[in-house]
Amino acid sequence: MSSEQSNKSNAPKKSKGLNSRRDFMRKIGLIGAAATTGAVSSGFTSSSSANNEYVKVLTSDNKLVEIPKSQVQEVKLNTAALQSRGRIGIPGKRWVMVIDLAKCRNARECIKGCQEHHHLHPYQYHINTLVMQDNPQSAPYNMPKPCMHCDNPPCVSVCPVDATFKRQDGVVLIDNERCIGCRFCMAACPYSVRVFNWEEPFQAQLYKEEPMEYDVETNIPQKKGTITKCLFSADCLRDGELPTCVRACPNEVFYFGDQNEDAVTNGTTRQTVVLSELLEKNAGYRLMEELGTKPRVYYLPPKDRVFETPEKPDNHHS
Amino acid sequence: MRRYYTTLILSVCAVFGLSAQSTWSVPQDQKEKLNTIEFTESMEKSGADVFAGKCKVCHGVPGQNNFNALLNPSPGDPAGDKFQKNTDGELFYKISEGRVTMPSFKTALSKDDIWNIIAYVRSFNPTYVQETSEKIETNIPEGTQLAMDISYNTDKDVVEVLLTGTLNDITNPVGGVNIKLMAQRYFGNLQIDEAKSTNKRGIATFSWNKELPGDSLGNIELMASFVDSDIYGPLSSEKKLVIGKPNNNPPLNKGRAMWNTVKKAPLWIIIGYTGAVLIVWIFIFYVLFSLKNIFALGKESISEDEKLI
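Protein chains in written order, with our numbering: chain Y, 1 to 318; chain A, 319 to 627.
I should point out that these hints are in silico values taken from the structure, not numbers from a laboratory. Do not rely on the hints blindly, as some may be mistaken.
Here chain A is said to cover these stretches of chain Y; the calculated rule only asks that three of the stretch's residues, wherever they fall, bring their Cβ under 8 Å from a Cβ of chain A [what the hints assert, rightly or not]: (1) 104-114; (2) 190-197; (3) 200-214; (4) 250-258; (5) 265-275; (6) 281-287.
Using 25 Å as the maximum straight-line C-alpha spacing, the simulated DSS-like pairs for lysine-lysine come out as follows [as the list claims (entries may be wrong)]: (7) K374/A - K103/Y; (8) K303/Y - K103/Y; (9) K582/A - K294/Y; (10) K412/A - K103/Y; (11) K294/Y - K572/A; (12) K112/Y - K582/A; (13) K474/A - K557/A; (14) K424/A - K281/Y; (15) K563/A - K281/Y.
Beta carbons are placed, not taken as given, at the ideal position from N, Cα and C, and that holds for glycine.
Isolated chain Y, as found in the complex (with noise of 0.2 Å):
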């Protein structure tokens, strides 16, 4: 009984914080435009007619408008909001990601960005890159592995509390503020991407300066005693924006993209380039394929390595 109440304080509301963020929005244009016509009808520049402060506002709809200072007052979503905003995810998209391994020189760049963009710790990795060597006589490669963001995910089967989840767009996302930690999810990954705080988050005196609305897209402020996972930076992409990972590789590995479209992007060169055909020729891959996962991360072989065998493969005893 009390998981069907969980699930229906967890269904998709009417997402309120939107709503009241749009009619704010539009209640400033139209202040604006009664501002600026008043202005003009009663002969002054909103300029000139600075009695109380005005501020340079930008609307929905991309026009500069001035209101009075005493009149703005400034909109966050709530909680509650970035909540169901964050189950609903972006309709009509399948969020694809390649990962060149012939091109990867371990920079560690997109680690950084990662663990920047979501306050980790220095040990805690959403994206890390691991170094491979299949035998003693092939040269080692580097491999970044973030989540794979499985099309039947082990770990959101698993959960008893629905605090991880997948989206229709194929993001698989935890929400912090229902996890209790019990680290099932951890367990169940066949990859083992999921990270567990167990201590106090990296940010956490600036949670204490500046309190904020915890986003479950972006797994911010971090909570000691739950779990973070990557997120496919679901925050920028609903911007259109490229994953910070992605943005911030210097040596062309990620491509990311919507399957649905058939188009991936490249994070460095920003080539877009047909999804289909690259995994294709490419011969892509998808890690632990026979588990029946189905993950959304495909791998492109890594032909001509750039690093050396560490030690040469004694052959004595060939």
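Could you slot chain A onto chain Y? The hints should help.
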């Protein structure tokens, strides 16, 4: 012996590799390319911003020799001699095309951005004197109003871009101009076919892949623009055409799966499951009730004549 040969081959390869890396040949016409305006302080400043975002990771801060020396070929310090010996055109070509570990920035950065970076890099060279180029002559008379129109030719399955120029109220097709066609995608534009030159009738023809997905109705937003925008101006034309493959993929959390919440369960499972649980509980209570009845019956006193024994 074998090891000796391997070493020999490797060292030969290394020498050839090095010599190949030390020369980065730039086409002659690109080499002589110059900016049309003189570098200003504001250009240097915005160039510095772009440099910090895109170049600093490998090239370090100019003048401090803190580039990433592990990379091969070495990125080098942009303030160093080797860099500054390049002509402006060479720098422009190398930034926009890239090579091996150096990515191509022709889509990531605008032409102005690249010129700004060059302005910034040149600011570290006190001996540098900038040359600027004259405005490039074209075969189109000055004052001509150019216009582009995108259409789809259903007979040939190609997209056609018609370029026309209007001068003194007379409109004529314009030939011999390179045009590129892009399809709008969420994070950037996808180039369709290669850049094509307009023919005598002012038409550039682009082959169309019918498999390219559009929105749910098959709409695709197309954009045509000049390849040489610094000659012909920034004119571009946009048009929405219904030529894409309609895309009606369901949301990824729509289907039933183990990980989906109870909301996605069909009614018969919910009723069946609840019914089964109820039946089991009813049965348990029935047994308990019966046991209670038997116990109560055992407590009742029996009259003498009812006793059988």
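query = Which numbered hints are broken by the structure, listed smallest first?
reply = Of the numbered hints given earlier, those the structure breaks are 2, 3, 6, 12, listed in rising order.
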